[in-house]
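Asks: So the chains spell out like this:
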Amino acid sequence: MSRPNALLELDPAVVRRARSLARKAAAPVVKIARSHTTVSVERATLRLAGLAGADHERVPWVNHLVTAVRDEVGLEHGVTTPVYDALLRGEAPDLTTLAQKAASGNVSFRLPRGREAVAAQRAATKGVGAGLRTIDRSRATRDRLIKRHGDPRTKPWIYLIVATGDIYEDIPQAQAAAREGADIIAVIRSTGQSLLDYVPEGATREGFAGTYATQENFRLMRAALDDVSKELGRYVRLTNYASGLCMPEIAALAGMERLDMMLNDSMYGILFRDINPIRTFVDQRFSRQVHARAGIIINTGEDNYLTTADAVEAAHTVTVSQLLNERFAKEAGLEDWQLGLGHAFEINPEIPDSFRMELAHALLARQLFPDAPLKWMPPTKHMTGDVFRGYLLDGFFNLVGAMTGQGILLVGMMTEAVVTPFLSDRDLALQNVRYVMNAASGLSEDFHPPRDGYIQTRARQVLSEAVDLLDRIVRDTDAAGDAPLLAAIADGTFGLMKRPATGGKGLDGVSERADDYDNPAITALDGWTPPPTPPTPPTPIRPVRAGAPARAALR
Amino acid sequence: MSVAEQRPVPSPGSAPSQGNIIRPYGDTTGDGMVQMSFTLPLPHDKKAEGAALQLARKMGLEPALLVHAKAMGPDFTFFVVYGSSTHLVNLDDVHVVEREYPLLSAKDANLTIKKQLRRKLVVVGACIGTDAHTVGIDAILNIKGFAGEKGLEYYREIKVVNLGAQVLVPELVARARIEKADAVLVSQVVTQKDAHIHNTTQMSAAFREAYRAGQVPILIAGGPRFEDGSETVLGVDRIFGRGTTPGEVASYLVHEIGLRKGKKS
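Taken in sequence, the protein lines are chains W and E.
Residues in the first sequence are numbered from 1 upward in steps of one, following the working numbering.
Residues in the second sequence are numbered from 1001 upward in steps of one, following the working numbering.
Hints may contain errors.
[Stated by the list, open to error] From the structure, some residues in chain W lie toward chain E, with a derived Cβ separation under 8 Å:
# : residue
1 : Leu195
2 : Phe272
3 : Arg273
4 : Thr307
5 : Leu423
[As the list claims (entries may be wrong)] Under the rule of at most 27 Å between Cα atoms (straight-line distance), these lysine-lysine pairs were calculated in the BS3-like manner:
#  : chain 1 : residue 1 : chain 2 : residue 2
6  : E       : Lys1120   : W       : Lys498
7  : W       : Lys505    : E       : Lys1180
8  : W       : Lys505    : E       : Lys1070
9  : E       : Lys1070   : W       : Lys498
10 : E       : Lys1046   : E       : Lys1070
11 : W       : Lys498    : E       : Lys1159
Bear in mind the hints are in silico, worked out from the structure with no lab data behind them.
Computed from a predicted model, the values in this text were never measured in an experiment.
Backbone N, C-alpha and C fix where the C-beta goes; we use that ideal spot for every residue, glycine too.
Just chain W, same shape as in the assembly (with noise of 0.2 Å):
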């Protein structure tokens, strides 16, 4: 693997301090994640021990089950110890039934002591294992699968998205990229459901701009994929987003039903969603532990910065988040290969060497996360319904995910900003790319910036505002004594927007921990270690050309 100072002679003595202080913004922050649980932490949890389903009004078991045992025992405590308890008394056969009885106010809960508590701790953690187990067995069928239909055979891994609002449309429009070349499907969710405290029930054919996220689609979803990487030969990867107020289930449920990769951001919710930042980052971290085990890769979402602010201005915003997302993910025990931390293509195609500049930052991701499978995302900003010109600007898009390297690269649509794409605008779109890949993937051989020059310049002046910025972040205070981070987000340092510790959406599904908190999921997922290899031998990051020099020996 590339060196970190290899291509743009980058200072490692600026990039060790960036790494530390993303640590030292991040530990605050943790320990925070660490003494305080959510409704959706402990709902995630309740879902590991098997309770699924929802009431003729849609409204899920296991958001029952939380409310009610939070009304009369608090949530401080972690749910499964009265959960089980009530279970062991035998105020119902099973979890299904005893959240029937909960949801109509039949049972009542308590906080068992001594020997009680023990014996209703021991039952949850069995429970609880069922569902971690679940996990595993679905990470050791994908590194079976991958084995038997193989990895995509070039990198980048090409990520195009669906998006029909119904899974039964979705299925066929899914395999039918898959087939056209798509190695990886996004089933963009339905807008609005980031801000849904529960995870919808079943099959759904309704949504806006998007699909439910639920069990039942991701099943539909992954076993249609199943079919068609079989017939292909390639194992093809399905994503979903963890992300909004019920991030923990979503990774739950994605772990268990084989999701491949999760949107999966450390600030996103706080900052574009206005979701409570203890809520999130409480969220996240077990939402990312869920994804470490599963062996799930994380996509990140610095592509939100350049949409929102300035992508010249704003470019070392994208650095700071990468770093906070990679601290944050090694916390939760993610390893590099499951990071795919995000970048865009966002700088205005009118401004003079836009095109340096997009080089200059792709490098810079490239150089500083080396072992990491960056996702590259496309224009979208400056993609003005100009069709025509926002094919052009797609073919440069690409040509950078070419000559730097890129992990994962998510397909841009001409039609980006006019329409839901045309099944035309998709196959253009993978022509432009196929086009860009077979013409130019080598010349990450060839290019290499002089010393000194514009590119290493220019990712030098980022890197330092990354550093400068960081730094800003650890020394931020405000009134309440809150960790520096937070105090960052609510003075408007990320992206214009503020926001408090104390506001936002969610804010109410929080409480502390107490001392007798107990949740065996978490307890399971902070004592689990990462098998000693990754499963899957991480595919070589550049395209790989027989009789190809290796570009290290032209350094």
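Once you have looked at the hints, place chain E on chain W.
Replies: Here is chain E on its own, set in the frame of chain W:
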């Protein structure tokens, strides 16, 4: 032979002499040339190409020239067609909303507000419903602005309250009341299943319910897919489409405030 040479060319200068009748322009006045692309759910063969040409003719392209056909999988074919449109457009029959107010500089807008209101003009903005795309509202409100123009936050005499994304309508109404909003801007980018229309009508109805008649703030909807002239249907005072700059919005606000003030006094 070029595409243009294949069809009868009207006598040079014939189009201008017809005054308000116009045709598309390819490379010669009056040639009527257009291009289009589309997909048919047919495997690519002679029959599919014939079908594409028939469609083009029915759409008024005569003659139509099939310049590209490509199979997309076993069941679909993509076509690019050029042709001369047989349709004419009479400009006398074209009705559009022309801007009925002057464009003011930020300085002039500030001055007028100061003179007319003797206080700051309060603007509350939000993306309502499930829409999370704040690009539009931010382009108009944020100091950063759009197309080289600074946003409304930059105007000294305008107080901007940007509520951001996914704001619920009751929340928006409540906040508008608290802030004593003169104007409410909502942005709607997501248009699937006409979400922008539902959200906007819901919003305007809520304001009409919450305020006494004649007291409702200026309601403005912005987004790339609103139909020109659909203000009445949506119950808003003004619609702004793609490419609107903050200056246009500010100028409209100043104009409308002036009108309303005139009505009251």
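Asks: Hint by hint, note whether the structure agrees.
Replies: Going down the list of hints, with the structure as the test:
1. Leu195: Holds - the Cβ of Leu195 of chain W comes within 8 Å of chain E, reaching about 6 Å at its closest.
2. Phe272: holds (7 Å)
3. Arg273: holds (7 Å)
4. Thr307: Holds, about 7 Å.
5. Leu423: holds (6 Å)
6. E:Lys1120 x W:Lys498: Given pair Lys1120 of chain E, Lys498 of chain W holds - Cα atoms ~23 Å apart, limit 27 Å.
7. W:Lys505 x E:Lys1180: Roughly 24 Å separates the two Cα atoms, so the pair holds.
8. W:Lys505 x E:Lys1070: violated (49 Å)
9. E:Lys1070 x W:Lys498: Not satisfied, since the Cα-Cα distance of roughly 51 Å exceeds 27 Å.
10. E:Lys1046 x E:Lys1070: Within the cut-off at roughly 12 Å; holds.
11. W:Lys498 x E:Lys1159: holds (17 Å)
Hints 8 and 9, counting from the list given before, are not met by this structure.
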